[in-house]
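Construct the entire structure; sequences and hints are all you get.
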Amino acid sequence: MNALEFAGRGDHAERSTWHFPLLRASELMAPVKCRRQDGPMGTGKWKARFLAVPGVAALVWLVVTAFRDGWGEADPLASVLGAGAGILALLTTLHSQSGAGGTVVPPVPPPPVIPEWVVDREEAEVVASLVRRRGGRGSVGITTGLHGAGGFGKTTLAHVVCAHRKVRQRFPGGVHVITIGRDVRGRAAIAAKVAEVTRYVTGDTMEAGTDPEQAGARLGALLDLRPRTLLVLDDVWESEQLAPFLRGGDRNCVRLITTRNSAVLPGGAARIVVDRMSQKQAEAVLTYGLPELATSLVQDLVLVTGRWALLLRMANQWLAGQAATGADLTQAARRLLERLQHRGPSAIDGVPQPVAALDLDDPQRRNQAVRASIEAATTLLPSEGGRRFAELGIFAEDETVPVSLVCRLWQASAGLHEMEARALCKQMADLSLLSLDAQTAGGTIALHDVVRDYLRSELDPELPAVHACFIDAIAHDVPWAPAPPSRTGRVRAWWEVSDGYLLDHLIEHMVEGGLAIRAEEVASDLRWIRARLHQRGPTAPLNDLSLIATPSARLMAQELGRAAPLLSPTEPGHFLDDILYSRLGNVPSWRAQAASLPRSGTILVDQYTPPDLPDPCFVLDLTEHAGTLTAAAITPDGTRLASGHADGIIHVWEVSTGRLLRTLASQSGPVSALAIGPDGSRIAATGTETRRVRLWDLRDGEQLQQWHRNSYSWNPAALAISGEDVWIAEQNDTVHVTIRGLVSGTRHHAEDIHQPCRPDVLSVSPDGRWLATQEHQPPIRIWDMHAPRQVSPRLLTRCRRRASALAISPDGQRLATADLDHTIRIWDLASNAGPRALTGHTSPVGAISVSPDGRWLAAATRTGDTARVWDLAPSPPAVSRGSQVWDVAVSPDGTWLVTADADHTLTTWNAATGTLRQVFTGPTDRIRSVAITRDGDRIVTAGIGSNLRLWDAHSGTCLTPLSTGSTQWTRALVVAPNADWIATDASDNTIRIWDLASGTCRHALTGHGHQTRALAVTAEGATLISAADDGSLRLWNPTSGELLRSIRGHGTPVSALAASPDGQWIASAGNDQTIRLWNAAASEPARLLPGHTASVKSLAVSPDGQWIASAGNDQTIRLWSTASGEPAALMRTESTLAACVFSPQSTSLYVASNSGVFAYDIRGDVQS
32 MNALEFAGRG
42 DHAERSTWHF
52 PLLRASELMA
62 PVKCRRQDGP
72 MGTGKWKARF
82 LAVPGVAALV
92 WLVVTAFRDG
102 WGEADPLASV
112 LGAGAGILAL
122 LTTLHSQSGA
132 GGTVVPPVPP
142 PPVIPEWVVD
152 REEAEVVASL
162 VRRRGGRGSV
172 GITTGLHGAG
182 GFGKTTLAHV
192 VCAHRKVRQR
202 FPGGVHVITI
212 GRDVRGRAAI
222 AAKVAEVTRY
232 VTGDTMEAGT
242 DPEQAGARLG
252 ALLDLRPRTL
262 LVLDDVWESE
272 QLAPFLRGGD
282 RNCVRLITTR
292 NSAVLPGGAA
302 RIVVDRMSQK
312 QAEAVLTYGL
322 PELATSLVQD
332 LVLVTGRWAL
342 LLRMANQWLA
352 GQAATGADLT
362 QAARRLLERL
372 QHRGPSAIDG
382 VPQPVAALDL
392 DDPQRRNQAV
402 RASIEAATTL
412 LPSEGGRRFA
422 ELGIFAEDET
432 VPVSLVCRLW
442 QASAGLHEME
452 ARALCKQMAD
462 LSLLSLDAQT
472 AGGTIALHDV
482 VRDYLRSELD
492 PELPAVHACF
502 IDAIAHDVPW
512 APAPPSRTGR
522 VRAWWEVSDG
532 YLLDHLIEHM
542 VEGGLAIRAE
552 EVASDLRWIR
562 ARLHQRGPTA
572 PLNDLSLIAT
582 PSARLMAQEL
592 GRAAPLLSPT
602 EPGHFLDDIL
612 YSRLGNVPSW
622 RAQAASLPRS
632 GTILVDQYTP
642 PDLPDPCFVL
652 DLTEHAGTLT
662 AAAITPDGTR
672 LASGHADGII
682 HVWEVSTGRL
692 LRTLASQSGP
702 VSALAIGPDG
712 SRIAATGTET
722 RRVRLWDLRD
732 GEQLQQWHRN
742 SYSWNPAALA
752 ISGEDVWIAE
762 QNDTVHVTIR
772 GLVSGTRHHA
782 EDIHQPCRPD
792 VLSVSPDGRW
802 LATQEHQPPI
812 RIWDMHAPRQ
822 VSPRLLTRCR
832 RRASALAISP
842 DGQRLATADL
852 DHTIRIWDLA
862 SNAGPRALTG
872 HTSPVGAISV
882 SPDGRWLAAA
892 TRTGDTARVW
902 DLAPSPPAVS
912 RGSQVWDVAV
922 SPDGTWLVTA
932 DADHTLTTWN
942 AATGTLRQVF
952 TGPTDRIRSV
962 AITRDGDRIV
972 TAGIGSNLRL
982 WDAHSGTCLT
992 PLSTGSTQWT
1002 RALVVAPNAD
1012 WIATDASDNT
1022 IRIWDLASGT
1032 CRHALTGHGH
1042 QTRALAVTAE
1052 GATLISAADD
1062 GSLRLWNPTS
1072 GELLRSIRGH
1082 GTPVSALAAS
1092 PDGQWIASAG
1102 NDQTIRLWNA
1112 AASEPARLLP
1122 GHTASVKSLA
1132 VSPDGQWIAS
1142 AGNDQTIRLW
1152 STASGEPAAL
1162 MRTESTLAAC
1172 VFSPQSTSLY
1182 VASNSGVFAY
1192 DIRGDVQS
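Residues are numbered in our numbering as their position in the sequence shown, beginning at 1, plus a constant of 31.
Simulated from the structure, these hints should not be mistaken for lab results. Remember, predicted model here, so these are calculated numbers, not experimental data. A couple of the hints might just be wrong.
Stated by the list, open to error - Okay, the calculated beta carbon distance ranges per label pair:
#1 Asp842 to Leu691: 29 to 39 angstroms
#2 Thr581 to His448: 35 to 45 angstroms
#3 Ala580 to Gln949: 19 to 29 angstroms
#4 Arg302 to Ser488: 23 to 33 angstroms
#5 Arg518 to Ala580: 14 to 24 angstroms
#6 Glu147 to Arg585: 42 to 52 angstroms
Don't be surprised by glycine CBs; every beta carbon is placed ideally from N, CA and C.
Written out as structure tokens, the structure reads:
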């Protein structure tokens, strides 16, 4: 806690009543306690009132009608108005209970209870006025004039402001107090705190992983949607802790910050300094609840306590304890004064001096005063009570600790029974040594951080032993369980612990107790990770692993961190376990554990590695902190990453930790290229806007050289450092290469590389020998700078995409290309093999760089917020499915798949293993849809263009192009079960039925009148179903072309259709985020399946009729039971999903995406 409670709140009773644990999901879902998360227009209460206005008007009109014309006339009207009122009531209820995106928002917290002994301070009114006048935005800081000093009342002052009636009226979105604390350090811990605050304030459970800035941006965006909110950030120690909470939320959020370090406050924040109390205030706190004391004695005690709120309250409680025993209060006060003089800062060599004011500007004197005050109080405790009090220093800062855990500690360390331990806690609370909350079940205690610091300093050499004693004490109550596969024997089942404090701080206690090996065994156990996920979300297990300083723990934290964005809570909760096992079960560090854990219910199990998992080469994902990222480079040993930004700044990061090492001020314009020398000691940077090249010593940040030309024709675009030279490639109508000496700066070589036209992208190898260029379209040209200029460049024609960035290896044998599909491809220039794809980026890659030794590759996203480091040494995966796939179909026997790929290829794959079978040759460009005839011999494709194409499924040759007579985009394609006809759905709003044998168009169906987007055919082929943007479905006779009937129910475009195997019902879905089941014969709605949080892209019904699969733009794959209509399984991805299809046996599901094909086995009631 930041400063002790205002008026010297040395007892922390008020703190415990103001502590906010995370709400459980059941609490968040309780209708009585929930209210709607509101948008910018106002609160849920006002929206409910708005909805109620028509109902009130209806009621008035009903009364008037009854009075004027009699009840007979009013009765029909009453029925209509009653129905309307019911609808309004339902809408009001929905608005009051559901938040944005299905999030239920926690209730506004009650005001803190301010103890009677807290005195008025003028600063409280000043702060209350400031936060009200901020108009819904800005920050107010409460700090001290003494850097690093606590106990002056900043927190109490903030609580007084929070309880202010006018403040609470000003902030209808709530006044929320968040304690940060000194122990929240490191990116994982800060991100965990931000995620905790997001859940506590908004109810949102979406996770942003281990990045504090992304988590802060998410919180800020949600705060912008709420009514005016006051966020009180208490006990902030470092600017890194505060920064995420300042992102966004400017529309309706005011931040009130308490800190000992005024330097962390944001610029423009109003600052209120809280230091010593006034003489009158100090006397009021010192004498609260006591009989009258001599004025001189009171004044002397105020002097020796320095008007420090912390000591005043402790002195008051000490005197109150003496008075309660019948002691003479004047004598007791004199003894306390003498003790403070004898043991406090005014004593010299233990000899008391005349009464003098405590100099609070001197940290040493402050510490001596705290020591003297605590020692005075502990003398009133039973024998060894002071030692027991010191042992409390092991508990976490700014936390409420269950008394039951204190009892276990003292039982182990001193043999105290529970009754004795609880009585001792009460005595300590009475002396204001700690706060005791008896209202919480079982009771809790809390320590002020100033007091905790003293206890830890007293216990210092014995801290590890006390931590270890505590762990051993509580371990006796934890059951045994089988060890994970990597170990033998049995382990303590710590994941079965239910105490929130213990779950949150177990790993911390183990690490501080010197039990790092045990800590890693627990933190890396998937059963523990699963428990922490369900308790606090993914940032909790990530923070646990980040506390352990071993390479293996860091690796596992990185691997878990990559999956973190997908691991927010699910409903029901066991779906989260399936997602966890899918994301980690394919990673070597976790594979054995994931396979060994028992699982029950219907689950989706990966047949092979999900295509959107990062490549095994992936080392680090570094989300930038400052400015848009425009360039990246990595040192030869892979330990440091340099990132260039749009504001001209260059940051140097430590790869293993993501820690910022150095900042170089480059120029006023964007950094467009970076290069690091072979020995990692020098870095060069350039920017096309400033036309400057600068060279630094990477070890100390000293600028060594600068080159600049005023000519607008000088346009440096790529750099390399080779030996003692720097290579500068200019990008104009030709490529001009200049070589300068690193030391002298003189130019000693220049030449032009002539191209057909101006290159769009170019790259120089790290040693300057090789140059790669590409114009506005393929091919890519690779130039050997050592060869005579008449020698033509090598052409890379296999790369059929326009590259957004290039990088070439030092030996000129490998080329890396970055594409707008978020993929980096590594090409072996010496062979005709396909490229190796590095997947995992979630936005287009705009800059890549190879290290001087060719082992490492750094990549920056075009959106400018993320850099990734890749180790190119590991062998590529055996199966590569990294290309974007538009559509997928399964062969009738279920043994192979065919995909329509975004790189203009038609490909077949082994369905069981995902290995490549065949790439079709022929006119495959712009294919978007694919289908297989029931006999498995032919494949039909369609896309953008005038032709449908029929392919031999075995030879891969194109058999027959069927002219559509249109240049429109074919959006959907279905083949009749008997392969007699094909139906296509084009962007000209026309559905066409084609004779497969003759290639002629049988029927052109134009009844929709709106854009059609989906087709389906019943199993027997008697009915063709279509769906359109107007939300309607139409059923057609494919033989006659007759419209059979129409179905209306969706109010938004329908983009997905499927029919049951028996033809009895139809499933449809689209932009309204719901799946609707219809009775095919009666065209009536049968069931509504809600759950998706974005539009539904594709539907499929299993051949046995048991399951419906859906793929949505929320990047989730869902499996539904057709019998119950309930969700049976859920899988989250990091991909844009396009299509889904079941295997003929109904045991597998395949999903096409922009990352490749996901393949799942469907297993029910699995026990392993």
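Evaluated hints:
1. Asp842 to Leu691: 29 to 39 angstroms: holds, 33 angstroms
2. Thr581 to His448: 35 to 45 angstroms: The hinted range 35 to 45 angstroms holds for Thr581 and His448, with Cβ atoms some 39 angstroms apart.
3. Ala580 to Gln949: 19 to 29 angstroms: violated, 50 angstroms
4. Arg302 to Ser488: 23 to 33 angstroms: This hint holds: roughly 30 angstroms between Cβ atoms.
5. Arg518 to Ala580: 14 to 24 angstroms: For Ala580 against Arg518, whose Cβ atoms are near 21 angstroms apart, the range 14 to 24 angstroms holds.
6. Glu147 to Arg585: 42 to 52 angstroms: Check passed, 51 angstroms falls within 42 to 52 angstroms.
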